[in-house]
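S.K.: Spelled out from the first residue to the last, the chains are:
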Amino acid sequence: MTPPAPLCLRCCTSAGCLASGAAELREALQRTVSRLELADRVEIRGVGCLGPCSQGALLAVDPDGVIFAGVRAEDAAGLIAALVHRSVLEATDGQWRPLAWTPATGERLDTRRPFFAHQRRVVLENCGLIDPERIEAAIERGAYDQLRRAVQDLSPVQVVETIRCSGLRGRGGAGYPTGLKWATVAKMPGDHKVVVCNADEGDPGAFMDRSVLEGDPHRVLEGMAIAAFAVGASRGFLYIRAEYTLAISNLRRAIEQANRHRLLGQSLFDSGFDFSVELRVGAGAYVCGEETALIHSIEGKRGTPRPRPPYPAEQGVGGLPTLINNVETFANVVPILREGADWYAAIGTTSSKGTKVFSLTGHVRWGGLLEVPMGTSLSMIVEEMGGGAPEGFTIKAVQTGGPSGGCVPASELDTAVDYASLQALGTIMGSGGMVVMDHTTDMVGIAAFFMEFCRDESCGKCVPCRAGTVQLHGLLQKHLAGDATAEDLAQLEALCHMVKDTSLCGLGQSAPKPVLSTLRFFRDEYVARLKPVAAPSTGVAP
Amino acid sequence: MPGVPSACSADSGAEVGGEIAAEKEQSFEALESILRQHQRSPASLIEVLNLAQETYRYLSDDLLRHVARNLELPFSQVFGTASFYHLFCFKAPARHSCTVCTGTACSVIGADRLVEALEQELGIRLGRSKADGSIGLGSVRCLGTCGAAPLVVIDGLVAKQQTVASVLEAVRSLRL
Amino acid sequence: MSVSTLMIDGHEVAMAAGATLLAAAREVGITIPTLCHLEGLSPVAACRLCLVEIEGSGKLEPACITPVLEGMVVRTDTSRLQDYRRTVIELLFTEGNHVCAVCVANGHCELQDRAVDVGMDHSRLPYRYPDRPVDLSHHLFGLDHNRCILCTRCVRVCDEVEGAHVWDVGWRGEHCRIISGLNQPWGEVDSCTNCGKCVQVCPTGALFHKGDTAEEKHDDSSQLVALVRARQARQVAP
Numbered sequence: 044m045t046p047p048a049p050l051c052l053r054c055c056t057s058a059g060c061l062a063s064g065a066a067e068l069r070e071a072l073q074r075t076v077s078r079l080e081l082a083d084r085v086e087i088r089g090v091g092c093l094g095p096c097s098q099g100a101l102l103a104v105d106p107d108g109v110i111f112a113g114v115r116a117e118d119a120a121g122l123i124a125a126l127v128h129r130s131v132l133e134a135t136d137g138q139w140r141p142l143a144w145t146p147a148t149g150e151r152l153d154t155r156r157p158f159f160a161h162q163r164r165v166v167l168e169n170c171g172l173i174d175p176e177r178i179e180a181a182i183e184r185g186a187y188d189q190l191r192r193a194v195q196d197l198s199p200v201q202v203v204e205t206i207r208c209s210g211l212r213g214r215g216g217a218g219y220p221t222g223l224k225w226a227t228v229a230k231m232p233g234d235h236k237v238v239v240c241n242a243d244e245g246d247p248g249a250f251m252d253r254s255v256l257e258g259d260p261h262r263v264l265e266g267m268a269i270a271a272f273a274v275g276a277s278r279g280f281l282y283i284r285a286e287y288t289l290a291i292s293n294l295r296r297a298i299e300q301a302n303r304h305r306l307l308g309q310s311l312f313d314s315g316f317d318f319s320v321e322l323r324v325g326a327g328a329y330v331c332g333e334e335t336a337l338i339h340s341i342e343g344k345r346g347t348p349r350p351r352p353p354y355p356a357e358q359g360v361g362g363l364p365t366l367i368n369n370v371e372t373f374a375n376v377v378p379i380l381r382e383g384a385d386w387y388a389a390i391g392t393t394s395s396k397g398t399k400v401f402s403l404t405g406h407v408r409w410g411g412l413l414e415v416p417m418g419t420s421l422s423m424i425v426e427e428m429g430g431g432a433p434e435g436f437t438i439k440a441v442q443t444g445g446p447s448g449g450c451v452p453a454s455e456l457d458t459a460v461d462y463a464s465l466q467a468l469g470t471i472m473g474s475g476g477m478v479v480m481d482h483t484t485d486m487v488g489i490a491a492f493f494m495e496f497c498r499d500e501s502c503g504k505c506v507p508c509r510a511g512t513v514q515l516h517g518l519l520q521k522h523l524a525g526d527a528t529a530e531d532l533a534q535l536e537a538l539c540h541m542v543k544d545t546s547l548c549g550l551g552q553s554a555p556k557p558v559l560s561t562l563r564f565f566r567d568e569y570v571a572r573l574k575p576v577a578a579p580s581t582g583v584a585p
Numbered sequence: 066m067p068g069v070p071s072a073c074s075a076d077s078g079a080e081v082g083g084e085i086a087a088e089k090e091q092s093f094e095a096l097e098s099i100l101r102q103h104q105r106s107p108a109s110l111i112e113v114l115n116l117a118q119e120t121y122r123y124l125s126d127d128l129l130r131h132v133a134r135n136l137e138l139p140f141s142q143v144f145g146t147a148s149f150y151h152l153f154c155f156k157a158p159a160r161h162s163c164t165v166c167t168g169t170a171c172s173v174i175g176a177d178r179l180v181e182a183l184e185q186e187l188g189i190r191l192g193r194s195k196a197d198g199s200i201g202l203g204s205v206r207c208l209g210t211c212g213a214a215p216l217v218v219i220d221g222l223v224a225k226q227q228t229v230a231s232v233l234e235a236v237r238s239l240r241l
Numbered sequence: 009m010s011v012s013t014l015m016i017d018g019h020e021v022a023m024a025a026g027a028t029l030l031a032a033a034r035e036v037g038i039t040i041p042t043l044c045h046l047e048g049l050s051p052v053a054a055c056r057l058c059l060v061e062i063e064g065s066g067k068l069e070p071a072c073i074t075p076v077l078e079g080m081v082v083r084t085d086t087s088r089l090q091d092y093r094r095t096v097i098e099l100l101f102t103e104g105n106h107v108c109a110v111c112v113a114n115g116h117c118e119l120q121d122r123a124v125d126v127g128m129d130h131s132r133l134p135y136r137y138p139d140r141p142v143d144l145s146h147h148l149f150g151l152d153h154n155r156c157i158l159c160t161r162c163v164r165v166c167d168e169v170e171g172a173h174v175w176d177v178g179w180r181g182e183h184c185r186i187i188s189g190l191n192q193p194w195g196e197v198d199s200c201t202n203c204g205k206c207v208q209v210c211p212t213g214a215l216f217h218k219g220d221t222a223e224e225k226h227d228d229s230s231q232l233v234a235l236v237r238a239r240q241a242r243q244v245a246p
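Protein chains in written order, with my numbering: chain A, 44 to 585; chain B, 66 to 241; chain C, 9 to 246.
Chain A on its own, in the form it takes in the complex (with noise of 0.2 Å):
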């Protein structure tokens, strides 16, 4: 007779459910499990994000796989009993049992649906799996296989040329080829090189990092020391933002842990390679997601841009030769070089390659994590996976690229995600922020939304940035009152294409955007906003 499947509890721990109510879940499990003494048949597992964050807190039932939405504390003595219950079935039999147990404060989930069978999970492979809190289950998972491989049995040469193949763009926005880059900082001269991790995750609007550092913090170390052996760095920072407090925790844990396995530090696999990860916290500064701005801000200094070049390939942290790739990109680089270049570069489209996780958010039923190839159309995303926007409600725009994207209207959600077909609508991928919007939403609305976010957030030092973004803020103020002329309109546009072209950093540059791009789908709702024109008195009686 073949033993009971192992039955385990996998509980969201990550921050949406957290805000859910996940921890006292998680609480409640554990305590029923050791009243009735389970724990050597139960297990209950913090894991990383499982994807439909609106309808937390989760739960995933293994071996089952079968994934509870909405579930309550209160809900654990029930479920223990049924999973028990039936255990105790097949022990007597043999006979393999669905599990039968609907919870009575949420739902069960069926994973056929959309939002679930439409992705392809290749960044986010373990999230949800494993604890992220053990190294254990992440190294028996496979972490650190690609590293060691990588170290022992290829040459750095041979590493770039495999992520250059794989076609990986940088996830981080701006979409430049990772292997060029990669090929860039390797080909520098000097002992001393650098490897930062960019996880200032700031667009409103997006955690794709957030989740992947939530739930697998050890890929994206591994995916980092990799990067440094390709390029011959020794040091490795990830800088992240301070809101992020639950993947702070994790990651400090993390990197302890990979210390202590001599997985990072000295001369790893006894091979002479070094590489050891700092984390450096920020303290609350959009703009240090730009990358000269994030080297400042490591160096302990004001997160202000400078011109490029010299490129931080060149020089970047303490002047030194300095790789910069964000979560997503250093995550993908485990399942390149454990699957190979072709296996990767066959995801996606022609020009852009592999998978592209998103957050779903806003007007939208199903809204949370989700990862799909590239080339995957907005409808499906936002219609099929996301379920479309509230009984009631249409989608009138989905906005994708965060503070420097744009809104691309319901009648372009045809529109196939990948770096060219995006930026041909004046958005760009961005990181992976799309935000619904429903047919109730005001788009001058949106434009000042973003307007004013970049005016919080300009570092001041560039006059276009600084000054112009509180004038263009004042003018869609103006629109929104209702004060606004036709030439107040036509100043807005041609202020918007000064700041675009002359500020310094891609901050100042992408900042009127979304302006942009709301004139362009939506000027009409600009134009319906202007002061009625007098009507000249004529002096004439009708």
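Don't take each hint at face value.
Pairwise CB distance ranges, derived in the manner of DEER restraints [to be verified]:
(1) A/R74 x B/E137: 48 to 54 Å
(2) A/A388 x B/A108: 36 to 42 Å
(3) B/N135 x C/A24: 42 to 48 Å
Derived EDC-like pairs (lysine to aspartate or glutamate); straight-line CA-CA distance at most 20 Å [as the list claims (entries may be wrong)]:
(4) A/K230 x A/D317
(5) A/K344 x B/D126
(6) C/K67 x A/D544
(7) C/K67 x A/E536
(8) A/K543 x C/E170
Simulated from the structure, these hints should not be mistaken for laboratory data.
All C-beta atoms in this analysis are idealised placements derived from N, C-alpha and C, irrespective of residue type, glycine included.
Model the placement of chains B and C on the given structure of chain A, informed by the hints.
M.R.: Relative to the frame of chain A, chains B and C by itself:
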């Protein structure tokens, strides 16, 4: 999970006389280990300031001077850097904090209404503290927990899918 | 030393590698407007007045830091650039309180000169009339934040030439302000050597000698250039 940090209010809470006087005489010993860990490198300024604020609640002039001397940095550079970042405070924060997320997802789903209701309830504008130092009302640009929008953080704890009624109830339960 | 030949507004010019477009333009008698730039101080490329068009590049580049390259074709005075420069000046005028008639620097002010250069007689954008303080705590000098354009020349000269680092920039965005010490009154900052270099390099009337009244402040930043050159020469000499 440790509390979510909140941006500091533009003004201070009431002076808590005795407490501040006591801090003045401290030698900020809690910073010694981080200073040593970073070998007093100027590059560790933000790391040191983060810990300093966590330990001593806010960055007093004495604290900033102590950090500047230990890292051998000009005072103006230390203040210029600290004031650049939203999360550093230079005055004692209010006893309670209420922070509304005004990220995109929270905004499209009604954060403005929450701010309005809270401003009215507390009688202070966003970014300010009550004169008696009991509570500060702030905002944060996205906590990255958008699935549970709109969010309000009260004393470091995130509350999801807030309504005007629920947030007012939460604030009232603080018994200011 | 290798030499690059390039075209600036139709003039051919040969420059040593490493020279900036600003220097190359000056070589053929073309003046590109600048404000934050000052010879002898590190460049920051922050005012964006010196942006130029380079053929084949979609982006505008700041002439103060962009090095010459062989075959470059540069335009410094297109109608787009003229319009953008005027807007930069308008943005500076509207974000501060610049009342030339009562200013110590009237007639000797670089901001005023640039406004004349770009033909700005009025601002198309609304004035913001910010509430900004004046610091008169120093016994020799004063700082009027109303006239400050945040070019950071004072910050740089004090740090790079005098080595005192009295000044820095505080806060961010529209709230940026030049600060001394721990955001203290200037007169209370011990590290100030009273050398007056910051006053010398200030392009407007923001930093001034106490006692100067309207139109009495003269721009003497050329002294600084001489000083920096002399020091460099001494360092090079055995």
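S.K.: Each of the hints needs a verdict: does it hold here or not?
M.R.: Consistency of the hints with the structure:
| no. | hint | result |
| --- | --- | --- |
| 1 | A/R74 x B/E137: 48 to 54 Å | holds (53 Å) |
| 2 | A/A388 x B/A108: 36 to 42 Å | holds (39 Å) |
| 3 | B/N135 x C/A24: 42 to 48 Å | holds (44 Å) |
| 4 | A/K230 x A/D317 | holds (19 Å) |
| 5 | A/K344 x B/D126 | holds (18 Å) |
| 6 | C/K67 x A/D544 | holds (7 Å) |
| 7 | C/K67 x A/E536 | holds (19 Å) |
| 8 | A/K543 x C/E170 | violated (36 Å) |
Violation of the numbered hints given earlier is confined to hint 8; every other hint is satisfied by the structure.
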